[in-house]
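Number of protein chains: 2
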Amino acid sequence: MRIITTVAEMQTLVRDLRAAGSTIGCVPTMGALHDGHASLIKSAAEQHGTVITSIFVNPTQFAPTEDLSKYPRNLERDTLIVAQAGGTVIFAPTVDEMYPSGFSTSIHVGGITEVFEGARRPGHFDGVATIVAKLLIAMSPDEAYFGQKDYQQTLVVRTLVRDLGLPCTITVRDTVREADGLAMSSRNVYLNEEERAQASSLYRALILARTMIENGERRATEIEHAMSATLLQIPGLTIDYASVVMADTLATCDVLPEKTNVVLLLAVRIGTTRLIDNMRCTVGG
Amino acid sequence: MRIITTVAEMQTLVRDLRAAGSTIGCVPTMGALHDGHASLIKSAAEQHGTVITSIFVNPTQFAPTEDLSKYPRNLERDTLIVAQAGGTVIFAPTVDEMYPSGFSTSIHVGGITEVFEGARRPGHFDGVATIVAKLLIAMSPDEAYFGQKDYQQTLVVRTLVRDLGLPCTITVRDTVREADGLAMSSRNVYLNEEERAQASSLYRALILARTMIENGERRATEIEHAMSATLLQIPGLTIDYASVVMADTLATCDVLPEKTNVVLLLAVRIGTTRLIDNMRCTVGG
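So the protein sequences, as listed, match chains A and B. Start counting the first sequence at -9; every next residue gets the next number (my numbering). Start counting the second sequence at -9; every next residue gets the next number (my numbering).
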């Protein structure tokens, strides 16, 4: 495994690899790798001679009240997972490398960032857009892989890459889930045993809502009420949002239009842990 | 002359040229080319096998009240100037190509954009930073050339490129001047004959201030008063600013520190035309 820690070294390596005929796939992560990340790395390794996994816990996408300091970090364990999944290079820069003294640039994607996670986590998506642009400029991949679990983030990344003209294909892969349906997430380690059992309620709520849509329900409030009711059976769970919106724009719709794609979006807090999940559905058709 | 109009075609061409062993120099412009631009293109042609001149009048760096619609455009004339200066490629995208429907990304450079041009032209430097990033991503040059006339812009571009990690050297060349010292600018065509004659007062004010510094004056207010007094001899001229500040940060200083670089910054209006100019000076040493 080649571990690179500076942008300059990364850019030199990529230029050399490309000159030697390799295409480049990359998987941007914040480390604490799980099977969801491994699945992305495997996908990339099937398509590209070089797979770069970036591991960088990006401070600017955490609000001051969030879990930056306790976010799990273990480069040694992550390196094993990358190797087993077929990754060949790790890009693990320091915070000082990515945000040197005097750093003063930020990237803002408008519109889709104003709702859901963007509304609840001030500055979060500016932090995401800025670091993703920097990582894609450093690794200049032909293709970058993201998990659908952070659904709104995938829309932000697609918009960012299209708007800046970064020469990179964005590929989004399905969320990988535990046996009981819980979406894999580095933050699941924060859950105690009871909370971990309760956390499968997000998946149950999503499946219920999807079934309602499949069975012909088109009223957004009915679908949202059903998801909320499922979630609120869990004592101590609080709901940030449980919504069904248009999949590409996150626009609300009182009645789901036929032959469109919608997305079910959930964010809840169980104890002190915030969890998100989502599911895309095709309406009718 | 090869004229490219799409980002995708530009990126393909650059990749092919680089694979064939050429290095790439670029000169981002808004067209209406003059000897200042030609001098940048010549500089680039001395260093690089390929010189790309971009010609794009960027609407997002004009405020609603500014001169976007009347900004001079003449691609045929510009093409001749590029060819004579040794440029080999022109990148002339349309507004729709650079800002397609749904475009919603902007780049903000903090700090140095809050004063002078940034304070007087709301949104101007966000527009500059966003388009320069897009142009550098499209042309991916080894080296990009800018004129010092837009001094604050050169600081913004340097910060942007460093912060995003764009693999590109930024080279700033001295302002090219008319015989009477007026800085070459595409906006000089707006001046009538009388105003054109008066416009050399900017250069006289800069030379006076530089001479004062060379002769030992260190009080910023004395230097600024002298520049203002020179400018205000012109009837109908109004001053936006006439300042001496630290060259790298644009920070004010009551007393110019020895062995530092400062910059004299001027912005005035003559009739309806706004002109800017500047001069870097080393203090003592």
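If you're looking for bench data, these hints aren't it; they were derived computationally from the structure. Please note that a few of the clues may not be correct.
Stretch by stretch, here's where chain A covers chain B in the computed footprint (C-beta under 8 Å, at least three residues) [as the list claims (entries may be wrong)]:
1. 94 to 103
2. 117 to 131
3. 180 to 192
Chain A side only, calculated, beta carbon under 8 Å to chain B, not exhaustive [as the list claims (entries may be wrong)]:
4. T(-5)
5. L65
6. E66
7. T69
8. L70
9. S91
10. S96
11. I97
12. H98
13. V99
14. G100
15. V105
16. A109
17. P112
18. K124
19. I127
Don't be surprised by glycine CBs; every beta carbon is placed ideally from N, CA and C.
Comparing the hints with the structure gives:
1. 94 to 103: n = 9 at 8 Å, threshold three: holds.
2. 117 to 131: Three-residue rule met by the region 117 to 131 of chain B, so holds; n is 5.
3. 180 to 192: violated (count 0)
4. T(-5): violated (13 Å)
5. L65: violated (21 Å)
6. E66: Nearest chain B Cβ about 26 Å off; hint violated.
7. T69: violated (23 Å)
8. L70: Since the shortest Cβ distance to chain B is 28 Å, the answer is violated.
9. S91: Cβ of A/S91 sits 11 Å from chain B, so the hint is violated.
10. S96: holds (5 Å)
11. I97: holds (5 Å)
12. H98: holds (5 Å)
13. V99: holds (5 Å)
14. G100: holds (4 Å)
15. V105: violated (13 Å)
16. A109: Not OK, violated: A/A109 not within 8 Å of chain B, min 16 Å.
17. P112: violated (16 Å)
18. K124: holds (6 Å)
19. I127: holds (5 Å)
Hints 3, 4, 5, 6, 7, 8, 9, 15, 16 and 17 from the earlier list are contradicted by this structure; the remaining hints agree with it.
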